[in-house]
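Engineer: Listed below, chain by chain, are the residues.
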Amino acid sequence: MQDSPISRGFRGRRPPARNDRVPPGQHLTEDFPVLSAGPTPAAKLGSWSFALQDGGSLLAKWSWQEFEALPQTEVTVDIHCVTTWSKLDTHWRGVTIDTLFEAAGLDEPPEAFAMIHCDGGYTTNVPVEDLIDGKAMIATHYEGKPLAPEHGGPARLLVPHLYFWKSAKWARRLRFLEADEPGFWESLGYHIYGDPWREQRYAGD
Amino acid sequence: MDHDDSGAFQGPLDGNSAAGLLQEVFVFEATSAILTCAGCGAAGPIGATRLYGGAMGAVLRCAHCDTALLRVTRTEIGIWLDMQGARSLLMRDAPAA
Ligand SMILES: [Zn+2]
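Residue numbers (our numbering), protein chains in the order written: chain H, 61 to 265; chain G, 282 to 378.
No lab work stands behind these hints: they were computed from the structure.
Backbone N, C-alpha and C fix where the C-beta goes; we use that ideal spot for every residue, glycine too.
Mixed in with the good hints there might be a few duds.
Subject to a maximum C-alpha distance of 20 Å in a straight line, what follows is the list of computed SDA-like cross-link-like pairs (lysine to any residue) [stated by the list, open to error]: (1) H:Lys205 x H:Asp149; (2) H:Lys195 x H:Glu162; (3) H:Lys121 x H:Met175; (4) H:Lys104 x G:Asp347; (5) H:Lys104 x H:Ala129; (6) H:Lys195 x H:Thr136; (7) H:Lys147 x G:Gly335; (8) H:Lys147 x G:Thr312; (9) H:Lys147 x H:Lys195; (10) H:Lys195 x H:Ser146; (11) H:Lys104 x G:Cys346; (12) H:Lys147 x H:Gly106.
Ranges of calculated distance between the beta carbons of each label pair, as one might list FRET restraints [to be verified]: (13) H:Asp80 x G:Arg373: 53 to 59 Å; (14) G:Glu310 x H:Pro206: 44 to 50 Å; (15) H:Asp91 x G:Met364: 32 to 38 Å.
Part of the chain H face toward chain G, derived, beta carbon under 10 Å [unchecked claim]: (16) Pro93; (17) Ser96; (18) Gly98; (19) Thr144; (20) Ala172; (21) Phe173; (22) Gly180; (23) Gly181; (24) Phe244; (25) Trp245; (26) Leu248; (27) Tyr250; (28) Trp257; (29) Arg258.
If we strip away everything but chain H, and leave its shape as in the complex, we get:
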């Protein structure tokens, strides 16, 4: 089912040459390695939902059907895993965080930070400014197909300018935070922000 308009691109420039596209300490892979902090949840679209939350209060919630009916965006981006692989030109489709905020009637984000909560209890923290202005989406399709469960399907965060552990698999909820808080890996020695171009792998980098 695809009757909503599809727009293209995360905004921003694409570095021109291949060398300029591989951050320090990374190597290219053609595969798509799977790294999971827990078991792959069974995808149940009937009971799936995605919610926006501010502290304890619910701002908006979409069922799978409602989510798929939101305006869709396609992007081609490079991804960088902290375990040192990078993959160029990956194609994704989903709903940008801008679109979600707009659909929720938010003129502007209520707080500066966010925690993404996932099936299985995984969490990751991202500043809101790294999620908006076309920088991130909740992705539901990869290379033209529904996102496979082992890669985070039915839906994962895609925030490709940060290390890929931030692109949380099985995303279900975005919770606004007044102050930044560490998520699953960030609380165990990984960098609170995770910029691959500044090689922010570990706390203190």
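Please arrange chain G with the ligand on chain H, whose structure you already have, making use of the hints.
Structural biologist: Chain G with the ligand in isolation, oriented as in the chain H frame:
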């Protein structure tokens, strides 16, 4: 807990004072130590948990309820350990010969 038997307040000691005990706690054959899950109460050897996390670190989950019992990463500055999902860790004495 900050009172001794006489009821008088005893300030906390420097954490270094526990060095002897801690060294005993963390030098053991880990895989045979018994973890009790804070989620479901199941107890079993670390070797019987399920390991996730790949190259980022070890996430040992309860085989019964998937609670993350123990998480360990190695970073540039040292080893990080989180045991929030474990109620206890038992390091059994070797059986008497
Ligand atoms: Zn358990």
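Engineer: Give a verdict on every hint.
Structural biologist: Verification of the hints:
1. At roughly 16 Å between alpha-carbon atoms, lysine 205 of chain H and aspartate 149 of chain H fall within 20 Å of each other, so this suggested pair holds.
2. This hinted pair checks out: lysine 195 of chain H and glutamate 162 of chain H have alpha carbons roughly 15 Å apart, not beyond 20 Å.
3. Using a Cα cut-off of 20 Å, the hinted pair lysine 121 of chain H and methionine 175 of chain H holds, with the two alpha carbons roughly 16 Å apart.
4. Between the alpha carbons of lysine 104 of chain H and aspartate 347 of chain G the distance comes to roughly 18 Å, so the proposed pair stays at or under 20 Å and holds.
5. Only pairs whose Cα atoms come within 20 Å are accepted, and lysine 104 of chain H paired with alanine 129 of chain H is accepted, the gap being roughly 18 Å.
6. For the suggested pair lysine 195 of chain H and threonine 136 of chain H, the alpha carbons sit about 12 Å apart, so the restraint of at most 20 Å is met.
7. Using a Cα cut-off of 20 Å, the hinted pair lysine 147 of chain H and glycine 335 of chain G holds, with the two alpha carbons roughly 18 Å apart.
8. As the CA atoms of lysine 147 of chain H and threonine 312 of chain G are separated by approximately 36 Å, the hinted pair breaks the 20 Å bound.
9. Restraint check for lysine 147 of chain H and lysine 195 of chain H: the C-alpha separation of about 18 Å stays at or below 20 Å, so the hint holds.
10. About 18 Å separates the Cα atoms of lysine 195 of chain H and serine 146 of chain H, which keeps this hinted pair within 20 Å; it holds.
11. For the hint linking lysine 104 of chain H to cysteine 346 of chain G, the alpha-carbon distance of about 19 Å falls within 20 Å, and the restraint holds.
12. Note on lysine 147 of chain H and glycine 106 of chain H: the hinted pairing is violated, with a Cα-Cα distance of about 32 Å set against a maximum of 20 Å.
13. Between aspartate 80 of chain H and arginine 373 of chain G the beta carbon distance is about 56 Å. The supplied range of 53 to 59 Å therefore holds.
14. Between glutamate 310 of chain G and proline 206 of chain H the beta carbon distance is about 45 Å. The supplied range of 44 to 50 Å therefore holds.
15. Checking the proposed 32 to 38 Å range against aspartate 91 of chain H and methionine 364 of chain G shows it holds: the Cβ atoms sit about 33 Å from each other.
16. Interface restraint check for proline 93 of chain H: the shortest CB-CB distance to chain G comes to about 8 Å, inside 10 Å, so the restraint holds.
17. For serine 96 of chain H, the interface hint holds, since its Cβ comes within 10 Å of a Cβ in chain G; the closest pair sits about 6 Å apart.
18. The beta carbon of glycine 98 of chain H is positioned within 10 Å of a beta carbon in chain G (closest approach about 5 Å), and the interface hint is therefore held.
19. Using the Cβ-Cβ criterion of 10 Å, the hint placing threonine 144 of chain H at the interface with chain G is satisfied: the shortest such distance is roughly 8 Å.
20. Hint status for alanine 172 of chain H: violated, given a least beta-carbon distance of 26 Å to chain G, over 10 Å.
21. The beta carbon of phenylalanine 173 of chain H comes no nearer than 22 Å to any beta carbon in chain G, farther than 10 Å, and the hint placing it at the interface is violated.
22. Interface hint at glycine 180 of chain H: satisfied, since its Cβ lies 7 Å from the closest Cβ of chain G, which is below the 10 Å cut-off.
23. At its closest, the beta carbon of glycine 181 of chain H sits 7 Å from a beta carbon of chain G; the interface hint therefore holds under the 10 Å criterion.
24. This hint holds: phenylalanine 244 of chain H has a C-beta 8 Å from the nearest C-beta of chain G, less than the 10 Å allowed.
25. For tryptophan 245 of chain H, the shortest C-beta to C-beta distance to chain G is roughly 6 Å, which falls under 10 Å, so the interface hint holds.
26. Proximity of leucine 248 of chain H to chain G holds as hinted, the smallest CB-CB distance being about 5 Å (cut-off 10 Å).
27. Hint status for tyrosine 250 of chain H relative to chain G: holds, with the closest Cβ pair at about 7 Å, below 10 Å.
28. At about 18 Å, the closest approach between the beta carbon of tryptophan 257 of chain H and any beta carbon in chain G exceeds 10 Å, and the interface hint on this residue is violated.
29. Restraint check, arginine 258 of chain H versus chain G: the minimum CB separation of about 15 Å is more than 10 Å; hint violated.
Consistency note: the structure conflicts with the earlier hints numbered 8, 12, 20, 21, 28, 29.
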